[in-house]
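**Q** Residues per chain are reported as follows:
4 protein chains.
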Amino acid sequence: MAYRDERLPREKVFRDPVHNYIYIQHQVILDLINTKEFQRLRRIKQLGTASLVFHGAEHTRFTHSLGVYEITRRICDNFKRNYPTKTAGDGLWDDDKERLVALCAALLHDIGHGPYSHTFEHIFNTDHEVITAEILTSPETEVNQVLRAVSPEFPEQVASVIQKTYPNPQVVQMISSQIDADRMDYLLRDAYHTGTKYGTFDLTRILRVMRPYRDGIAFQISGMHAVEDYIMSRFQMYQQIYFHPTSRSMEVILSHLLLRAREYYSNADNANEMGAPYLLFPFFKHEFDLDDYLLLDDGTLTTYFAHWRQSGDPILSDLSHRFLDRKPLKSVIYTSETEHELPGLRDLIEKAGFNAKYYTATNNSYDLPYDAYDPKMKKPLTQIELMEEDGDLIELSSVSALVNAITGKFSGDQRFFFPREMLQNNAADTDLFDPIYQAFQQHIHNDTLI
Amino acid sequence: MAYRDERLPREKVFRDPVHNYIYIQHQVILDLINTKEFQRLRRIKQLGTASLVFHGAEHTRFTHSLGVYEITRRICDNFKRNYPTKTAGDGLWDDDKERLVALCAALLHDIGHGPYSHTFEHIFNTDHEVITAEILTSPETEVNQVLRAVSPEFPEQVASVIQKTYPNPQVVQMISSQIDADRMDYLLRDAYHTGTKYGTFDLTRILRVMRPYRDGIAFQISGMHAVEDYIMSRFQMYQQIYFHPTSRSMEVILSHLLLRAREYYSNADNANEMGAPYLLFPFFKHEFDLDDYLLLDDGTLTTYFAHWRQSGDPILSDLSHRFLDRKPLKSVIYTSETEHELPGLRDLIEKAGFNAKYYTATNNSYDLPYDAYDPKMKKPLTQIELMEEDGDLIELSSVSALVNAITGKFSGDQRFFFPREMLQNNAADTDLFDPIYQAFQQHIHNDTLI
Amino acid sequence: MAYRDERLPREKVFRDPVHNYIYIQHQVILDLINTKEFQRLRRIKQLGTASLVFHGAEHTRFTHSLGVYEITRRICDNFKRNYPTKTAGDGLWDDDKERLVALCAALLHDIGHGPYSHTFEHIFNTDHEVITAEILTSPETEVNQVLRAVSPEFPEQVASVIQKTYPNPQVVQMISSQIDADRMDYLLRDAYHTGTKYGTFDLTRILRVMRPYRDGIAFQISGMHAVEDYIMSRFQMYQQIYFHPTSRSMEVILSHLLLRAREYYSNADNANEMGAPYLLFPFFKHEFDLDDYLLLDDGTLTTYFAHWRQSGDPILSDLSHRFLDRKPLKSVIYTSETEHELPGLRDLIEKAGFNAKYYTATNNSYDLPYDAYDPKMKKPLTQIELMEEDGDLIELSSVSALVNAITGKFSGDQRFFFPREMLQNNAADTDLFDPIYQAFQQHIHNDTLI
Amino acid sequence: MAYRDERLPREKVFRDPVHNYIYIQHQVILDLINTKEFQRLRRIKQLGTASLVFHGAEHTRFTHSLGVYEITRRICDNFKRNYPTKTAGDGLWDDDKERLVALCAALLHDIGHGPYSHTFEHIFNTDHEVITAEILTSPETEVNQVLRAVSPEFPEQVASVIQKTYPNPQVVQMISSQIDADRMDYLLRDAYHTGTKYGTFDLTRILRVMRPYRDGIAFQISGMHAVEDYIMSRFQMYQQIYFHPTSRSMEVILSHLLLRAREYYSNADNANEMGAPYLLFPFFKHEFDLDDYLLLDDGTLTTYFAHWRQSGDPILSDLSHRFLDRKPLKSVIYTSETEHELPGLRDLIEKAGFNAKYYTATNNSYDLPYDAYDPKMKKPLTQIELMEEDGDLIELSSVSALVNAITGKFSGDQRFFFPREMLQNNAADTDLFDPIYQAFQQHIHNDTLI
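Quick note, the sequences are listed as chains A, B, C and D, same order.
Last residue of the first sequence: 450 in our numbering, with the numbers rising by one and none dropped.
Last residue of the second sequence: 1450 in our numbering, with the numbers rising by one and none dropped.
Last residue of the third sequence: 2450 in our numbering, with the numbers rising by one and none dropped.
Last residue of the fourth sequence: 3450 in our numbering, with the numbers rising by one and none dropped.
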């Protein structure tokens, strides 16, 4: 039997807290899970610094990737049972042709992520999407070897789904659209592990009303409220979890810490110290290859931080301490009207003895909860289409007042981060810095810069 | 106000997936959570290698420690509301005197754990209980500084609860007995994160029927079945999760890997290589202090393994690969009757090219699900007492046929671990090793050595 | 001890699927639950005909009433712990004075409901609010006897909370406002029993951010998103459960059935038949007293329907059959533009052999999901107030784009109901009525009248 | 297409709180659900008087019947996917032949139940199994008409599955054995609605390890602990829910009430009173037909009780009041050693003014949680078989110490029920009956007769 069609003699399952079981039916999928590149995702937390606020959220990208696979598998099952193609081009689902490429793309869509991905990329100018494509298509990876065994062009096909250039929009939208297997899994999973309820929506019902059509995936109109509820859940998760100020403040510390390390180890003497971060040197110099990248995980970084906490460089040492021992910065909301106050605040912070470059930051958190298709956007979004009984399509926000209220509107805030010492109230009367703290605190009211 | 009585101006909460919220009311507790020794528990997984079988089980000892604190807090609330002491020695609960010491002991009971605790201790002869006591009582730790601020003797008091020498048995049994806050939290939490249901029992009901008496803690007889159900849950979790053969096989690899590393780096040349595990050297030589110990976490070990995977030593490299990339050993059950076959099997494994010292192991997993008090035991267990309406006590197994069935009986199995290559079926016909594999496989039937 | 202060020697609990346990601490509350008027609520379903669509929703008003009590109890606990009054008029919570009246009002707020309340009231012109007040204040009820034992004016006080005339707005709003114990319980409970997820919101968090102030109850601004999420849940439950067209169609049948019965039994001969509905006669004539009312429950009505199903009157018999054996009417949405078509449709239905008076109906379902206070409304709503750190209040819809999108806007639809026979497709070719059906069906497209 | 193969153009679903969705795929099944005999199950509570103790347990036999159908459907799906027959007699699953008969039997297995089945049968000597068979095979029922349309012998086939005489033991054991779809649904459902956790077991895992073999259904040995856990859950539900003394005491009242009514209405004058229970007369005389039976539901009985509460017969009136207004009897455990005390107690109760015939009772509750096959039993049980890797079978209790501990042992107790007035403590000093109460109370200690 061709490798692409090889079924396991008996279904294999992984117990999963969100989906109960993950069902593995293809030898290809099992082989991909067993590659070292995929196993490495066990050592990279899904939510990065958010686990420092929501302590249960210690789950990894490994777990999430299996979940995206499982949701995709269920979508395929439903499409095969209810909307099987009869003649080429009829806009229905061609399971024989599309299932395996969809499943592989779902499983591997995050394989290029590194530790604390967002921050790491920002500082070292890496790109997890580029690296994902590399892992899929470079002949030396175990992932590529498995994919290649399906067919020589299969690695590129899977990569093209993730890059949204695959010809069948049904497959692309399954993995990547405003309501896709990726988002549905992370909302449910992050809600489960944080212990919050905002991310809960009715997955079974959404899978039930999902259907293929010529230009991608649509939802039966009878399921409108279930889709609406999913959009609301997503909105809430961003507001309550992903944009949490304390979590963002730990990201600020992390990025300043990596910046400081690059600067410190650019000095050749320092670079020869015991405990120098050899594995990071290629990134400090921006001369890294795929092997360098695949050696990194969350533990590598925190192991360096533990070394650095004992460093002779006071800033490197202090920032490492603040990160490992969880001493977040504080923050206030500012707006374009109050932004002009920031230089004054930074001055006060410098006067209080902090290097403003490493101890302050501004950080914007904005999300577009939903938008209709807009050809003028740089990357136009695939809008959510509802299908009426007679087959007509209608865009979600045109029938949902709730969705319409947030369509095309960014939500979030911009914050100025600073050391919590600036808010100290218990300074002794004779404290030399007292007037500085008082001047600083006058600018803050109701969590906002005034 | 005395520090020991200092309440937070407003209750602080941590969102928790198992208990919904963890409520912090004392400044002391908040300060303990913020110590570096406690924050370090965020980097040590609760279940070690079990997350390699149950992928959701990536939760840490930090999370569990908060949970044990919360259950203890709820027990104290119930005791205070329903069983407050009136006169000294009446066998009821003295909340003013005992609450804080109970809460601190609950929170800190696991603070001495290191990475992959069980295996690490076995190989390096460390003892997490000794280290816990050290962290509580050594003046240089942040934990000790917080405890000392309560009173000079407070650190010793908290330590004595954990060591079971504290005079009030109610406090000791709350934290450590056959049905204590520790076990109740880990069963519920491990069930939640693995996604299994075996560990689920009725916590609210058990807390409701729990009550203090002169010699410790008893349970109203009306709650007998809830207690029975807890014992059953515990039994099931051991059988299904904690004793899982694949998880034990990953522990075998881990311990052999650490053994090999100690041997390899005992050679001075190797010890000077780049990437040598400086942080482990004190343990290789068994000359470590508390600071050395507190630098270690899960990430430190896996970072070394990533280095070792590229080592020139083939065994060190291969075992690192097997651990990081999850290539478990296989195993079979053996008994005292079949044990004599093991040397023969080890010979075959050597012939197939594996060093039996590093590639085979025997491992017993036995648990005593419940036992009545037996003065002849080395460490007699506190039996579970049920209280009748008239105040009489009756031991659990004497009224529960189910509990009686497993009382005093060890459950578990003993297994022989070996490389999965020994079971390969797809060896080419001309394979030189074929007769070896065949000879080996003849000894295995229905997962058992014959 | 005064009866009002009498605590149970030991807390009593009722196991509850939504709140886990309901805790009873006052003798008064236990005595109220044991009255015959309260026990009668066990025989009246909470959701009426909705259980004919969501089969799990068979829970009763008894269960819900206990739930409203429990939520109120938890609110009082939180207020007492965190916001106790110090001086009269400080806007904080006076637990000694207010707890018992709040708990009784919560428990008894629905005590005047009868079977299929909404429909029954509409047809027989009864009013459950008036009856609630009567049950509380009439000396012959068991409820009144319990309340009177607290103090002579206590029955009136409890009634005034339910009627919103009680002087302390904190107590009134706890039981009755846009976010009160009543709504919070029914959303969670109806979601639980229907098995849908829309009604799920974060009760614990809402209770945590709730606080008393001078003019009632406010919510800390940090909990804004939890409150917003509650409003969304409420909106979804109305759209998906409470307004379900099939459930409304069964209500239409029920009301037509009761109408027909009144007409039929107004004939004296019929009124003497075996199985005549003696218990309903006082309502047919609108000459009923409280005793008549309290004899009715769901079972009384369905028992009559079972008799009527065998009646000689074909309409009474057929409608009884349609209700008991669940044969819903069909429906289409119409608007003010298409309303003029209805008489033509009714004609076709008459031609097909149905009495349009009993076999057709129009029915509007509209809900106001949230509104700010508007003095011009007949019954202005208590708006939801958020409290900022400095104590300022801010109305919910002014900070939540989502809530704003539905504020003051009615949601729902208007539908025309008719026999499902009108849509039959399998009429034999020679069917005389065929042209009638075809004419009828031409008016319907995508579930809408055209 | 033949009716038996007729699939719905699109799967229909019912939202279910336990199974999430119930999937209907055959026209036959939908037609059966729509019969009046099946709809009648909506008016018969699953747990009878247990809802008077666990107030959430108001679910009906309708809901449970759908659940048994759904579990059976999932078993068939699994068997079809993994164990399809290849040659007749190979011991695997013949889905084409067996699915529909299995589904119909699952759906209809409880169709003969009446209101408060257990008690009603006991008093009126009816038998729900006989009636089930009658409903399936009598030509006048709607159920029979649907079944007959499949084939003339189909009604008898379905009936034979329920009567365990159907030739294929796989189908019989699916519906009726020690681990069948019936029990699995009611344990989960009763746990859900009572809000207890004891009934929770891992349904998905059990369905996964279930498999057909020549003589019925077996379970893969790897699932032993899941099966063991199911047996434990079942045991706990009996101990904690089904055998609850208060629930049994309400059954005692109910049976005495029906007895009294039969006696009272055997007098012709009484039988002509307004409100006389015409629908029960056929049962009083034991001359009923199927139509008489199908007219009854829970509401019919409680409607009569409401009438009787106002009866001139003091015992009929008082027992009706005790049932409707929930005034349970009290009870004590007695044994064969203390049984001789009962006549003395009955004397005291008579002296206190109660008719012992109607106000006392003995009631045994015993369940056999599990047993191996024993040919000496009157109705030998199908034992639970585990299948080893090589196909050998092994009986459950021989490998599970827990199950072995309760195998073949009846659990439960025997209780003596009496009016709670006998325990009154607040009798005035001058109470004439005081010595009687004191004499009575001396016999009771720790809930047990002494």
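You may find that some hints are simply not true.
In the BS3-like style, the derived pairs of lysine-lysine whose C-alpha atoms are separated by at most 27 Å in a straight line are [claimed, not checked]: (1) 1086/B with 2080/C; (2) 1330/B with 12/A; (3) 45/A with 1097/B; (4) 330/A with 1012/B; (5) 378/A with 357/A; (6) 2086/C with 1012/B; (7) 3012/D with 2327/C; (8) 3409/D with 3378/D; (9) 1045/B with 1330/B; (10) 2409/C with 409/A; (11) 1036/B with 327/A; (12) 3036/D with 2330/C; (13) 1086/B with 1012/B; (14) 36/A with 1164/B; (15) 2036/C with 3409/D; (16) 1097/B with 2080/C; (17) 3097/D with 80/A; (18) 12/A with 3080/D; (19) 1330/B with 36/A; (20) 164/A with 378/A; (21) 3327/D with 2036/C; (22) 1327/B with 12/A; (23) 1045/B with 45/A; (24) 1164/B with 1378/B.
Calculated directly from the structure, the hints in this document are not laboratory data.
**Q** If a hint holds in the structure, say so; if it does not, say that too.
**A** Status of the hints after comparison with the structure:
no. : hint               : verdict
1   : 1086/B with 2080/C : holds (25 Å)
2   : 1330/B with 12/A   : holds (17 Å)
3   : 45/A with 1097/B   : violated (42 Å)
4   : 330/A with 1012/B  : holds (17 Å)
5   : 378/A with 357/A   : violated (32 Å)
6   : 2086/C with 1012/B : holds (23 Å)
7   : 3012/D with 2327/C : holds (17 Å)
8   : 3409/D with 3378/D : holds (16 Å)
9   : 1045/B with 1330/B : holds (24 Å)
10  : 2409/C with 409/A  : holds (21 Å)
11  : 1036/B with 327/A  : holds (10 Å)
12  : 3036/D with 2330/C : holds (19 Å)
13  : 1086/B with 1012/B : violated (31 Å)
14  : 36/A with 1164/B   : violated (45 Å)
15  : 2036/C with 3409/D : violated (41 Å)
16  : 1097/B with 2080/C : holds (24 Å)
17  : 3097/D with 80/A   : holds (24 Å)
18  : 12/A with 3080/D   : holds (17 Å)
19  : 1330/B with 36/A   : holds (19 Å)
20  : 164/A with 378/A   : holds (15 Å)
21  : 3327/D with 2036/C : holds (10 Å)
22  : 1327/B with 12/A   : holds (17 Å)
23  : 1045/B with 45/A   : holds (13 Å)
24  : 1164/B with 1378/B : holds (14 Å)
Hint compliance for this structure: hints 3, 5, 13, 14 and 15 are broken, all remaining hints hold.
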